[in-house]
Amino acid sequence: MNGAFIVAGLSRVRRRARESPAQKRPGCRTLESPATMRVLADDFSGAAEVAGVGFRYGLQAAVQLDSQVPAPHRELAVLDIDSRSKSEGEAVGLVESALDRGRIVFKKIDSVLRGHVVAEIRPFLESKRYSRALVVPFNPDLGRGIRNGVYRVHDVPISHTPFRDDPEYPITTSDVLTMLGAGEGVVRLCRLSDALPDTGIVIGEGETFEELEAWADRVDAKTVPVGGAPFFAAWLKSRGTRAGRPPCPEAGQTTLVVSGTTSRVVDWRSVREEGVVRLLAMPEAVFEGSQEDVSGWAADVVATLDATGVAVVSIGGARLLDRSQSPRLAARLAEVAASVLTRRPVDQLWLEGGATASAVVRQMGWISLDVVGEAAPGVVQLRPVSGGPLITVKPGSYPWRRGVVGCQPKAV
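Reminder that position 267 of the sequence shown reads as 277 in the working numbering, one-by-one numbering, no gaps.
Take these hints with a grain of salt, some might be off.
[To be verified] What follows is a list of derived Cβ distance ranges for each label pair: (1) E298 - V166: 32 to 38 Å; (2) R201 - S305: 53 to 59 Å; (3) T209 - S107: 20 to 26 Å.
Hints were generated in silico from the structure; no laboratory data involved.
This one's a predicted model, so the numbers in the text were calculated from it and none came from an experiment.
All C-beta atoms in this analysis are idealised placements derived from N, C-alpha and C, irrespective of residue type, glycine included.
Based on the provided sequences and hints, a complete structural model is requested.
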């Protein structure tokens with residue numbers, strides 16, 4: 011999506027939201043119902059993505075950031091345990107703790123297998139609730155598929171794509187079993203035509219939505235489904251849940267965009283070149299300096315919001331080259347976002363990049379968030395249960411698409 015379209019979308023953000031996320035739609039059930047589903051995710055943007063799928067299928071969905079805090083009564087509760095950013099031992103402990111608090115019906119993982127995938131699946135099998143894990147990570151919507159044991163993105167081996175430069179989990183091989191680092195015999199790779207083993211971890215090959223649905227049909231009571239949002243959608247469909255397209259909430263008058271992605275999918279400089287909004291790249295003093303520097307930058311952002319109604323905050327193009335600084339960049343962006351929101355509340359907050367979104371939401375103390383819209387696959391709209399702005403979350407590696415602003419496509 012080009013900058014001109016983004017600007018066109020931004021110019022439409024001029025009406026206050028009227029959606030009431032806590033208001034139930036007719037026929038919805040609450041967490042007291044036996045039909046309640048709990049999903050476990052390893053990062054915030056993934057949790058939001060899966061919750062958005064549930065919303066698409068008519069479920070009252072929420073994202074919960076702390077499994078030890080009582081969650082609001084919703085049909086679908088997606089728990090973000092933020093385990094991808096933790097050590098393997100910490101990640102396993104978080105999964106075990108979540109399982110101790112109730113049954114998990116689906117394990118959300120990264121579609122390109124970043125994180126502690128195998129280690130986080132093992133507690134499910136050790137809990138005796140499940141004897142087999144069916145892992146279906148491929149994402150046809152983004153051209154990500156597995157064939158003959160090789161993971162490809164738009165037919166290019168994944169180790170030859172920008173994923174090889176991931177700051178936390180660089181992908182240096184395209185062999186799926188090697189990517190998982192599970193060791194010989196721990197994980198089995200299967201085609202749809204294969205008979206599945208009764209126990210253990212199985213990776214399902216495929217590239218298409220039809221294959222996703224076929225794999226979902228093979229999930230039984232003793233199998234925990236594991237995968238990305240497309241597999242979750244296929245699994246819901248296999249259970250007889252029908253998808254709809256609920257209307258998105260209307261946008262508000264003021265918008266703060268916080269872009270912390272190191273991906274070059276979006277270049278916010280194109281927004282500035284249109285002359286509609288001001289792009290505020292992180293000053294070097296903020297990255298290296300004190301709270302006083304953060305406060306000064308926040309004041310600039312507030313002034314821009316007051317003058318134009320829209321401000322775009324980014325990490326700065328030069329830092330795209332040093333991906334090892336991602337955690338620190340996310341923390342700094344979260345600090346400035348919190349400082350801005352404390353001084354100048356906004357109607358809409360856009361968060362680009364999973365680590366950035368997680369850092370900002372946690373910095374603000376938003377523990378429970380209702381899903382109120384899904385602008386596009388992976389682009390999900392949330393509102394804190396405790397009150398706050400309309401939050402739009404997008405993973406950094408996902409492209410902006412036509413229609414993500416205001417939910418209605420508009421060509422320019």
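Exercise. What hints, given by number in increasing order, does this structure fail?
Worked result: No numbers; nothing is violated.
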